[in-house]
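*Asks:* Residue numbers (my numbering), protein chains in the order written: chain A, 82 to 200; chain B, 1041 to 1157.
By construction, these hints were calculated from the structure, which means they are not laboratory data.
Computed from a predicted structure; not experimentally measured.
Among the hints, erroneous ones may be present.
Unchecked claim - Restraint ranges, calculated between C-beta atoms of paired labels, are given here:
id: 1; chain 1: A; residue 1: VAL136; chain 2: B; residue 2: GLU1055; range: 43 to 53 angstroms
id: 2; chain 1: A; residue 1: GLN161; chain 2: B; residue 2: GLU1060; range: 36 to 46 angstroms
id: 3; chain 1: B; residue 1: SER1120; chain 2: A; residue 2: GLN140; range: 31 to 41 angstroms
id: 4; chain 1: A; residue 1: ARG90; chain 2: B; residue 2: SER1094; range: 15 to 25 angstroms
id: 5; chain 1: B; residue 1: GLU1056; chain 2: A; residue 2: ALA83; range: 30 to 40 angstroms
id: 6; chain 1: A; residue 1: SER147; chain 2: B; residue 2: GLY1102; range: 41 to 51 angstroms
What the hints assert, rightly or not - Covered stretches of chain B, going by a simulated chain A footprint (3 or more residues, C-beta under 8 angstroms):
id: 7; region: 1102-1108
id: 8; region: 1143-1157
What the hints assert, rightly or not - Keeping only pairs whose Cα atoms sit at most 20 angstroms apart, straight-line, the calculated DMTMM-like set for lysine to aspartate or glutamate is:
id: 9; chain 1: A; residue 1: LYS177; chain 2: A; residue 2: GLU149
id: 10; chain 1: A; residue 1: LYS159; chain 2: A; residue 2: GLU95
id: 11; chain 1: A; residue 1: LYS177; chain 2: A; residue 2: GLU131
id: 12; chain 1: A; residue 1: LYS159; chain 2: A; residue 2: GLU149
id: 13; chain 1: B; residue 1: LYS1144; chain 2: A; residue 2: GLU95
id: 14; chain 1: B; residue 1: LYS1144; chain 2: A; residue 2: GLU164
id: 15; chain 1: A; residue 1: LYS177; chain 2: B; residue 2: ASP1135
id: 16; chain 1: B; residue 1: LYS1089; chain 2: B; residue 2: GLU1104
id: 17; chain 1: B; residue 1: LYS1144; chain 2: A; residue 2: ASP137
id: 18; chain 1: B; residue 1: LYS1098; chain 2: A; residue 2: ASP137
id: 19; chain 1: B; residue 1: LYS1144; chain 2: A; residue 2: GLU134
id: 20; chain 1: B; residue 1: LYS1098; chain 2: A; residue 2: GLU125
Think of the CB as a built atom: it goes at the ideal place given N, C-alpha and C, for glycine as much as any other residue.
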Amino acid sequence: EAGVVQSPRYKIIEKKQPVAFWCNPISGHNTLYWYRQNLGQGPELLIRYENEEAVDDSQLPKDRFSAERLKGVDSTLKIQPAELGDSAVYLCASSKGGQLGFGGANVLTFGAGSRLTVL
Amino acid sequence: AQSVTQLDSQVPVFEEAPVELRCNYSSSVSVYLFWYVQYPNQGLQLLLKYLSGSTLVKGINGFEAEFNKSQTSFHLRKPSVHISDTAEYFCAVSDQRFSGGYNKLIFGAGTRLAVHP
């Protein structure tokens, strides 16, 4: 089966410019996650979707970040305007429901990530 | 709240030598534990997971990990490493309880394994 697909893989922008990242999860995975990974650190959750509903966005900086998953399948994460500190890798992941470990098989599967550099 | 501590930020090792990457966690409840690997410019790939049962878990690429509840540890081991094992390794923990219908995965800061010829 196809994995989690993300685009673009790399993006370089000037500060104050907008940027958007796209993610298509594994078919049948109704739970979608956006993580941010700063250099030398582990991923940190930004937002989690159950189908089209954002059910955990407590770590999303809502003044400049927004996300949507309109039809409950693919998702877009947007930053406007970008700041220097937003330089990071943005990882999308998906799972069959939000109960990780349930049934012995439900795990997060990650995409290859989108590396953002803000100059 | 849960937390994960990966005790070594970098581990250099020679090819064919054994390696252990250390992971300790903090949680007030029972947990699920995971190790992920991230090769350069790639996403995270699941190496292995502990959900229940045997405390010794075997994963892909010859890796294994042992869950030690009394020491709250989940160290990753490989008896003989290859150059191709050079990557970043992340330990992660989640509650076995599903609060609000889901559990959150918390990652450590990662350990960079550098295998030298």
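*Asks:* Against each hint, give a clear statement of whether it holds in the structure.
*Replies:* Hint check results:
no. : hint                                         : result
1   : VAL136(A) <-> GLU1055(B): 43 to 53 angstroms : holds, 46 angstroms
2   : GLN161(A) <-> GLU1060(B): 36 to 46 angstroms : holds, 45 angstroms
3   : SER1120(B) <-> GLN140(A): 31 to 41 angstroms : holds, 40 angstroms
4   : ARG90(A) <-> SER1094(B): 15 to 25 angstroms  : violated, 38 angstroms
5   : GLU1056(B) <-> ALA83(A): 30 to 40 angstroms  : holds, 36 angstroms
6   : SER147(A) <-> GLY1102(B): 41 to 51 angstroms : holds, 43 angstroms
7   : 1102-1108                                    : violated (count 0)
8   : 1143-1157                                    : holds (count 7)
9   : LYS177(A) <-> GLU149(A)                      : holds, 19 angstroms
10  : LYS159(A) <-> GLU95(A)                       : holds, 15 angstroms
11  : LYS177(A) <-> GLU131(A)                      : holds, 10 angstroms
12  : LYS159(A) <-> GLU149(A)                      : holds, 9 angstroms
13  : LYS1144(B) <-> GLU95(A)                      : violated, 33 angstroms
14  : LYS1144(B) <-> GLU164(A)                     : violated, 27 angstroms
15  : LYS177(A) <-> ASP1135(B)                     : holds, 17 angstroms
16  : LYS1089(B) <-> GLU1104(B)                    : holds, 10 angstroms
17  : LYS1144(B) <-> ASP137(A)                     : holds, 10 angstroms
18  : LYS1098(B) <-> ASP137(A)                     : violated, 32 angstroms
19  : LYS1144(B) <-> GLU134(A)                     : holds, 17 angstroms
20  : LYS1098(B) <-> GLU125(A)                     : violated, 26 angstroms
Hints 4, 7, 13, 14, 18, 20, counting from the list given before, are not met by this structure.
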